[in-house]
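Asks: First residue of the sequence shown? That's 420 in this note's numbering, and the numbers climb one at a time after it.
Think of the hints as simulated: they come from the structure by calculation, not from any bench.
Just so you know, not all the hints are guaranteed correct.
[Claimed, not checked] As a list, the in silico SDA-like pairs of lysine to any residue whose alpha-carbon atoms are at most 20 Å apart:
id, residue 1, residue 2
1, LYS521, LEU561
2, LYS611, THR646
3, LYS652, THR700
4, LYS521, ALA484
5, LYS652, THR630
6, LYS611, SER579
7, LYS611, PHE664
8, LYS521, PRO538
9, LYS652, PRO538
10, LYS652, GLU536
11, LYS652, ARG597
12, LYS521, HIS493
13, LYS611, THR630
14, LYS521, PRO580
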Amino acid sequence: MIAHEMVDRAVSVRQVAAQLGVDESTLRYRLGRPLDAVDGRRLQPSALDGWDERVDAVLTRFGDARVVAEGAGHCEAQQLHDILTREYQFTGSYQSVRRYLKRRFAAPPIQAVRRIETPAGVQAQHDWFDFEGVIAGERRSLHALIGTLSHSRASFVWVSPTMTQVAWQTGHLALFTRYGGVPLWIRIDNLKTGVASGAGPHAVITPAFQTFAQTCGFAVDPCRARTGSDKGKVERGVRTDRSVFADLFLTDWPSLERFQMALDARAAALHDRRRCPITGTTIAEALVAERALLQPVPAVHEPFDCVVARRVSRDCLVSFEGRRYSVPFASVGRTVEVRGTAHHVVVLAEGRELARHARHTAARLVLTPTHYEGPSTAAVRAPTPLGRRAQLQLAALPDLMPGLPTPAAVVRPLSAYIALVEDAIHQEACR
């Protein structure tokens with residue numbers, strides 16, 4: 420009505436739109452319609468006309484307060500659509516269910532969201548996002564692990580060509596190095612490299628990642644299912660960093676290392692410019708203060724994608740991935756931890772490395788002869804030492820028995836044996 424009055428007084432539509440703060444095309448559309456016009460879309464038939472009883476039955480099952488007196492439940496539109504489709508062969512769209520609920524019932528109450536700010540050094544939030552980059556002239560699909568310290572808001576991005584368990588752990592270590600320490604908790608999404616099953620407080624952590632977390636000294640805190648607000652700080656970082664790093668994503672980099680250096684430099688510049696809402700200082704200053712409360716980064720750690728417990732057999736072997744690997748005989752009868760890293764199979768006991776072998780070899784039996792040598796212990800007697808004959812036989816395989824003479828040094832020529840026999844015959848004749 421105001422717009423009609425202003426236009427009637429010879430005010431241009433453009434000026435009216437500017438003063439009212441609306442789009443000019445929208446205002447022209449409204450001015451072209453009669454004031455008493457009725458929105459015909461509300462009069463259109465719905466795909467759920469005549470479905471009231473079936474809809475009420477589903478809502479009653481959830482104890483929905485819209486149809487159940489004193490009900491405390493609430494059935495989401497997506498849940499209602501899924502059940503109607505599965506049980507009642509409903510063919511309408513999800514949007515038609517939303518429009519039906521909005522038309523039939525009053526708007527549901529607004530769900531308030533609790534805002535939580537964790538103390539310094541307590542939590543970081545990690546998540547993957549995908550993008551296309553150009554490395555050495557080749558456009559490739561790359562993955563970026565973004566990490567944000569919840570208190571100081573310091574955020575870093577680590578780039579990887581894969582999203583394997585090894586990359587997942589390597590990325591965490593890279594972020595810890597950039598933080599300057601390890602937080603007490605890491606909040607993650609329910610991706611398979613971190614969560615084997617379930618979600619939120621009922622999640623079962625992937626064994627390899629659980630062992631990694633225990634080694635580094637942090638606890639894993641998975642989000643609830645389909646609840647992005649549980650890690651809102653890193654989710655916001657995914658949205659904003661896509662724009663602030665956009666020019667770097669388009670640049671042709673000679674290597675991933677040069678690309679990573681540019682991302683780190685951009686992150687440092689952003690920390691100097693942005694302010695931490697908790698401390699009021701710059702993020703760089705807040706990060707320096709938070710680093711004093713972080714745990715130290717593990718000095719030595721090798722990421723692994725598989726970890727199992729195995730009992731050492733009497734022949735000093737453990738089984739792993741269809742192969743058998745030797746360990747020192749003193750561990751016979753004990754249960755050891757076997758880890759599969761990027762290139763090795765590592766056997767550990769009580770946090771100490773016992774053996775290391777090449778992984779994914781063609782051989783199904785991988786032995787280290789020195790594992791069978793040494794003095795007996797209180798619990799295990801040493802294997803029987805090799806005799807001279809066994810040493811001579813194994814000398815044909817110098818790689819298995821290092822230090823033994825080569826075959827050329829121990830094999831006698833036939834003429835030497837003939838001379839020995841003739842000498843023995845001669846001595847016997849002389850007697």
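Asks: All hints are to be evaluated individually against the structure, with a verdict given for each.
Replies: Each hint, compared with the structure:
1. LYS521 / LEU561: violated, 42 Å
2. LYS611 / THR646: holds, 17 Å
3. LYS652 / THR700: This hinted pair holds, its Cα atoms lying about 18 Å apart.
4. LYS521 / ALA484: This hinted pair holds, its Cα atoms lying about 15 Å apart.
5. LYS652 / THR630: violated, 26 Å
6. LYS611 / SER579: With a Cα-Cα distance of about 17 Å, the restraint between LYS611 and SER579 holds, given a limit of 20 Å.
7. LYS611 / PHE664: violated, 27 Å
8. LYS521 / PRO538: violated, 41 Å
9. LYS652 / PRO538: holds, 14 Å
10. LYS652 / GLU536: holds, 10 Å
11. LYS652 / ARG597: holds, 18 Å
12. LYS521 / HIS493: holds, 14 Å
13. LYS611 / THR630: holds, 15 Å
14. LYS521 / PRO580: violated, 45 Å
Of the hints listed earlier, those the structure fails to meet are numbers 1, 5, 7, 8, 14, in rising order.
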